[in-house]
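Student: Below are the chains, spelled out letter by letter.
There are 4 protein chains.
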Amino acid sequence: MALTDAQQQELAEAKAARAETRRPTVPALEALLFEPIPLLDHGFIRVIDYMGDDSAVVQAARVSYGRGTRAVTEDRGLIRYLMRHWHSTPFEMCEIKFHVKLPIFVARQWIRHRMANVNEYSARYSIMDREFYIPAPEQLAAQSSSNRQGRGEVLEGDEAARVLHLLRQDAGTAYDHYAEMLNEDEAGAPLDPARQGLARELARMNLTLNTYTQWYWKIDLHNLMHFLRLRADAHAQYEIRVYAEAMLKVLEAWVPAVAEAFRDYRLGAVTLSAQMLEITRRLLAGEAVEQAGSGLSKREWRELMTVLGREG
Amino acid sequence: MALTDAQQQELAEAKAARAETRRPTVPALEALLFEPIPLLDHGFIRVIDYMGDDSAVVQAARVSYGRGTRAVTEDRGLIRYLMRHWHSTPFEMCEIKFHVKLPIFVARQWIRHRMANVNEYSARYSIMDREFYIPAPEQLAAQSSSNRQGRGEVLEGDEAARVLHLLRQDAGTAYDHYAEMLNEDEAGAPLDPARQGLARELARMNLTLNTYTQWYWKIDLHNLMHFLRLRADAHAQYEIRVYAEAMLKVLEAWVPAVAEAFRDYRLGAVTLSAQMLEITRRLLAGEAVEQAGSGLSKREWRELMTVLGREG
Amino acid sequence: MALTDAQQQELAEAKAARAETRRPTVPALEALLFEPIPLLDHGFIRVIDYMGDDSAVVQAARVSYGRGTRAVTEDRGLIRYLMRHWHSTPFEMCEIKFHVKLPIFVARQWIRHRMANVNEYSARYSIMDREFYIPAPEQLAAQSSSNRQGRGEVLEGDEAARVLHLLRQDAGTAYDHYAEMLNEDEAGAPLDPARQGLARELARMNLTLNTYTQWYWKIDLHNLMHFLRLRADAHAQYEIRVYAEAMLKVLEAWVPAVAEAFRDYRLGAVTLSAQMLEITRRLLAGEAVEQAGSGLSKREWRELMTVLGREG
Amino acid sequence: MALTDAQQQELAEAKAARAETRRPTVPALEALLFEPIPLLDHGFIRVIDYMGDDSAVVQAARVSYGRGTRAVTEDRGLIRYLMRHWHSTPFEMCEIKFHVKLPIFVARQWIRHRMANVNEYSARYSIMDREFYIPAPEQLAAQSSSNRQGRGEVLEGDEAARVLHLLRQDAGTAYDHYAEMLNEDEAGAPLDPARQGLARELARMNLTLNTYTQWYWKIDLHNLMHFLRLRADAHAQYEIRVYAEAMLKVLEAWVPAVAEAFRDYRLGAVTLSAQMLEITRRLLAGEAVEQAGSGLSKREWRELMTVLGREG
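Residue numbers (my numbering), protein chains in the order written: chain L, 8 to 319; chain X, 8 to 319; chain A, 8 to 319; chain D, 8 to 319.
In isolation and in its complexed conformation, chain L is listed as follows (with noise of 0.2 Å):
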């Protein structure tokens, strides 16, 4: 993972400055300012500016709901009740912008979050550097038989020796062809003064989807939940998770009742249909429930049972 040289001036520059100001600041945000998180093999998440804090939430939810909040005496308390009752817009009244280094195939992933807004570094204008996502051998998984989208055993042995092989080759060839192509090296000097060049909108096509672009993204509190929420499940795929994972880590230093309340209400919480909660309350109620005749397919049962510890 390598900031450019620019970056790296500008990150060192950014981190000296220091201001006053009569906005909510939050300390331990502040100490992870621009400092690039490490994800992946060359990837990178580092938070660039932000807007409010856990109090910023409270505020907002004091003027919606006026005097009626005068009973909810405690900012936590008033925060849980927001995240439990699904109430959005007091989440949205915060904001946060993060620097964020990925591969292709996941930048198409993210992008179709749609409530947030993107400047992505645009290969039409400029050349990309040559770096490929190549996964680490554990997370060179089979497809996995039961799930048609997700991950199976890890390959071993020659079988993944040949992945890693293939997929290093073929970037790293596509990428060579991509410079001579445009007849630039990385750094835009010409490698042979008799050719044109092909224009850079076009030799971007032969690169390879691993390789690594970057954009600023911002975000509010409410839809950025609404994407870890999606995006650190277990369900999504291993390469956009880490990123998922380490914003769930900017989350608690930032607005630290908010995380909290988020763990609870959203990522650790289930949701049960109509049947399922039939069937819960059959069950407590000392009733043997089988699934065959429960109403519910054999996969939801499965589900189900898993979600109340009575597996096996």
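If you're looking for bench data, these hints aren't it; they were derived computationally from the structure. A few of these clues could be false.
A pair holds if it fits inside one copy or across any two, identical chains being indistinguishable in the list.
Unchecked claim - Restricting the straight-line Cα-Cα distance to at most 25 Å, the calculated cross-link-like pairs of lysine to any residue (SDA-like) are:
| hint | residue 1 | residue 2 |
| --- | --- | --- |
| 1 | Lys305 | Leu290 |
| 2 | Lys256 | Glu307 |
| 3 | Lys256 | Pro34 |
| 4 | Lys22 | Ile141 |
| 5 | Lys305 | His229 |
| 6 | Lys305 | Glu81 |
| 7 | Lys305 | Pro144 |
| 8 | Lys22 | Glu81 |
| 9 | Lys305 | Arg83 |
| 10 | Lys22 | Ala35 |
| 11 | Lys305 | His94 |
| 12 | Lys305 | Tyr132 |
| 13 | Lys22 | Ala38 |
| 14 | Lys305 | Ile141 |
Fair warning: this is a prediction, and the values are worked out from it, not measured in the lab.
Starting from the known structure of chain L, fit chains X, A and D onto it as the hints suggest.
Tutor: Okay, now just chains X, A and D, sitting in the frame of chain L:
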């Protein structure tokens, strides 16, 4: 214009607070923070928080365009370039939060701008204040005879006096009956212990549309400029335009280079249709062009002549 | 509830029209098209247009998951799977457009759902109708003593009569003065030729919040279900809930398989927090758990016991 | 360009289907329904469904402006008025759904338009087709020397041949290795029973950015025109512009009056900044104005002279 006591105390605390931050900080905007700017008879805006500055726009653009922006060596020039060519995402990297007090009929127009975050005072939970917008006499305009949504001459004499009397009387009566139905005074104290009082969510329907409400409103710089372009325009209703104009001043304190480009390329700019452009070219070539045969309607022709400074 | 004459004529023409189309068509919804469904005292919804059906959801999902969905051979099963696992984009592929007539205070709640398209009748351009919402006697509820945004017992006797009298009187007086200020009757005819009349954009501020307005409202199926989940809920205010419930019936005519899954996995479902789930598991294991020491507040404990059918 | 067999069959069925509807129907668009319009070497767009027509825009505007629009007696005139004055909400009342097949690097640009609904073929679930975009020789442009994101002269001779060779070779090799890593052929049949095969969500990272993907894309008319304004523009990259231009033809079949107004007031229109307008007025008044002293940069001056037809 009045903050509640609780808000006054919050304001005093917020203004007294000082923290050190490494985030981009704008002294000219810090000086405005929290302080209400009075508008209309009881309204205000005040800046509650902000993220980013002119440099944050430039920084985001340079991430997007990478080494491609080396050529544009100067921040002001880059900002003007971005504005001129309708780049929107770099401006989305700044964010601002206002506390706004405004009449309900203005709030109904304002809320149509969907790309913002809002927490409004809730009349389901809380009791509304006894404050109404009554126009200043010089704003008591007649319906325009030429423009279906505009204002014509100012009303005078008995007609003006009668309008002001009716507005004051009906708002006051409706509010007094609201309180009577609630069986509560403005502070929430019960009026008649023998009565139950109507639910707040129902009683509110008796209030008139000039009753003041308030909200927290958070928006990114790109969408703020879109709002200002529509609402600081001469065709916007006066009662929302005063809010937009006050925000325009805030814009100048916050992001002076963006504000300058916004005035040149948006507020002061004009759009010529294909037909209007063709006529302008012919006029420049010395040709005599008349409305008849120009392909423009009379109305469009008048608009074009006004734009080109050729009236009369 | 009344359409204007012009709307009546448009309705008759629209209902009489027949065209051949190759688009997905839903006979049960065609039967409902254009016809107002009366709500409250003067409100209605009516379906104006729609795009897609149950199969359009399936078709979009099969594009996403391609050969991966071969295993799920049946449409209903796939729709239930998508709903259960919170897939949202296939549901965004259907769209519906309503014409809605509703009191302004309801419109103010409704408009907070930003992910929709709206064209509202403009009181800047046009004269409002003389129609107000007056609650039916059985809806005249007192403020709930336990729930700050809820309703308690129904008001009776003199207090109820007084409330109805005030609501009728104030809305009527405010409207009559609105017309007087406009110097126009409901049909736009001038009242007193010696007066100019106040601009419409100003006069409207004298109206009360129970005045009816109307709009066209267009939304995709995913966001419609989000709206219905919040507004067809028992905690929603009665005056908006009746609209949501009528739309729920439309949903059943339009996309019956989606509607069934929505009832099972959203409307009838419950979310258990991490702590609630832990307690449920302990109860299922036969453990005696009390609120004290459970980690839940009294309020959450009560909620959990209700959900699990263990009240009393 | 090829649909899969399953898509071909679906197309045939959809085209054969006929239903009666009371919804607004556009025969010229019905004639285009489902049929792929070929673009680039393997791409296409095809219209899958639509809602509304020119009249739906007018109908929504008349709801908004009510009796206020009586004066505008003619639909075409009203549509031009709405377009000229940047009214957006009536255009949001129409919706269209496309099936699009496009290279991934084009999809990455396209997806930045957030105000649309998308279901993309998922390479986590399914196997990608062996299809790549290879530019036609006349599109093999050099990097522009004057415009950082533009194209210059067309490459010729050996350099062009070498580029085409590399693009073909690298895409093919990367795909073959993708299949080898999956241990599956294009149809999903296992290659080597002794191997497990890498998970699809991982293997896809080896594909190049000119691999074709496909999606369903649904958007309202207002946002479609925003997309077309940016992407049918001469500055847009050729590979996305061909899609926009094909959609522009669809627009003309679907909503001819809107399409005409769009050409006049958007595509063919120009925006003059405050300074440009001032100079235009001085030129019209017969004044000699030079770039030096005009307040415009050399670049803006050139742009203005081009716009005004005063080059050279």
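Student: Decide, hint by hint, whether the structure agrees.
Tutor: Evaluation of the provided hints:
1. Lys305 - Leu290: So Lys305 and Leu290 pass the 25 Å test inside a copy (17 Å) and across (24 Å) alike.
2. Lys256 - Glu307: Neither: 32 Å inside a copy, 27 Å across copies.
3. Lys256 - Pro34: within (15 Å within a copy, 31 Å between copies)
4. Lys22 - Ile141: neither (31 Å within a copy, 46 Å between copies)
5. Lys305 - His229: Answer is neither; intra-copy 35 Å and inter-copy 27 Å both fail.
6. Lys305 - Glu81: Close across copies (16 Å), not inside one copy (45 Å); limit 25 Å.
7. Lys305 - Pro144: neither (35 Å within a copy, 50 Å between copies)
8. Lys22 - Glu81: Intra 35 Å, inter 23 Å, cutoff 25 Å: inter-copy only.
9. Lys305 - Arg83: Only across copies: Lys305 and Arg83 sit 16 Å apart there, 40 Å inside one copy, limit 25 Å.
10. Lys22 - Ala35: Both ways: Lys22 and Ala35 sit 14 Å apart in one copy and 22 Å across, limit 25 Å.
11. Lys305 - His94: between (34 Å within a copy, 21 Å between copies)
12. Lys305 - Tyr132: between (53 Å within a copy, 22 Å between copies)
13. Lys22 - Ala38: Both: 9 Å inside a chain and 24 Å across chains, each within 25 Å.
14. Lys305 - Ile141: This pair counts as neither: shortest intra-copy Cα distance 38 Å, inter-copy 48 Å.
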